[in-house]
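> Starting from the given sequences, assemble the full structure and let the hints guide the process.
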Amino acid sequence: MNRQATNLERNITLTVNGERVTRSVAARMHLVDFLRETLGLTGSHLGCEHGVCGACTIRVDGLTVRGCLMLAVQADGATVETIEGLTDSSKAADLQEEFLNRNALQCGYCTPGMLMTAVELLDRNAKPTREEIRDAISGNYCRCTGYHAIVDAIETVAKSRSSKKGTAS
Amino acid sequence: MYNFNYHRPKDLAAAAALLQANENAKLMAGGQTLIPTLKQRLASPSDLIDLSDVDGLSGIERKGKHVQIGAMVTHAEVAASAVVRRAIPSLAELAEGIGDPAVRHRGTIGGSVANNDPAADYPAAVLALGASIFTNKREISADDFFKGLFETALEPDEIVTSVCFPVPVKAAYMKFPNPASRYALAGVFVAKRAKDVRVAVTGAGESGVFRVPAMERALDKKFAAKSIESIKVGEEGLVSDLHAQADYRAHLIGVMARRAVEAALKAT
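Line by line, the protein sequences give chains A and B.
Sequential numbering of the first sequence, starting at 1, is according to the numbering used here.
Sequential numbering of the second sequence, starting at 1001, is according to the numbering used here.
By construction, these hints were calculated from the structure, which means they are not laboratory data.
Hints are not guaranteed to be accurate.
Not close to chain A: a few residues of chain B, all C-beta gaps over 10 Å, as computed [claimed, not checked]: (1) H1007; (2) G1056; (3) K1065; (4) H1066; (5) A1087; (6) E1206; (7) A1218; (8) D1220; (9) S1230; (10) A1263.
Some but not every residue of chain A turned toward chain B, in silico, with C-beta under 10 Å [claimed, not checked]: (11) N7; (12) L8; (13) H30; (14) R102; (15) N103; (16) G113.
Here are a few chain A residues that sit away from chain B, every Cβ distance over 12 Å (derived from the structure) [to be verified]: (17) T6; (18) E37; (19) E49; (20) D76; (21) E84; (22) D94; (23) C144; (24) H148; (25) E155.
Note that beta-carbon positions come from the ideal geometry of N, C-alpha and C, so glycine has one too.
Set out below in structure tokens:
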């Protein structure tokens, strides 16, 4: 084989939950494997690993992405946020509490991805309709709840956030 | 997924050189189709050329009677673009209906047209609006670009740089999505242009996107849903799979086409 200099491995530097990390990774390693196995951040789950189930949803440069449909090498220079960072920042505390109150999770496997999507939805649209909520979470599969409780939880948080804002101003 | 050499060139010339130097190299835009394909070992390129740092592939620009969209522009960017919303709202709506938010944040217009998935949404818009695909070598008209299932006119070392859409008089896209994947079981883009009407169907054809001349002629005479009420699309050449049989898809094409005409009339 007359192959050129190999690029099978690469050094990447990225910011994960506010911390700068540099590691050498195989080109084929996807981002969630990197987060889970190299960095030990096991909050992002892997369900299908084919971009269907949404359990691996994380934020890259502020936008939700499928962590299994992105290579770790593609995240070189990026800012990544996982459920661990989101929890530490308390940005999703009300959503997490409402998920608990409403039984919006049973096994909990989809919950980290579901929360990442819900946080982004409410950042962009403070008062989503139930239909808009369903549309936003259409890429996050839950095999336990039947979704109603999840939609209820997100809707309740949207309403309580809006009413808090209303009284504060 | 087998390992590969990963490259992230900064400009088009470097990307083209890498493509030429490695016979089994593949380009990667958003990777939303390519990465699953690699995982299933349906492709095992020696080299992967990531286009995300290549200059000149981003941005959306109104140029007179056209809207030019860079190949690496994501579906979310098209959906949110004020320029596209104003000039071709149907195109922004189409982009907003692709997959789900996470896929729209990564998937690109250039990747979508180059892949030419028979159930992808963009090919319907490109063909119905009569867009041009610009590459590092030439300009290719939509009519010459799509060549069948996952096949395009692109040469092995050719790179899509942008897609340029003429602004239509009226247009709309209606699809019947698979409720899980949001891919089109049948999607119809209807465009009333300055001199003619074009109707393009995605999701239903065994050879990918196609036009429906009978509907185009009828809509040319009178742009109304009623004009195409009696036009039946034959089952021949339509996909039958576990999601829908060919006769059902044929029926859906008629329904989606009429809804698209009605939506186009309402939009103006």
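> What are the numbers of the hints that this structure violates, sorted from low to high?
1, 14, 15, 17, 19 and 20
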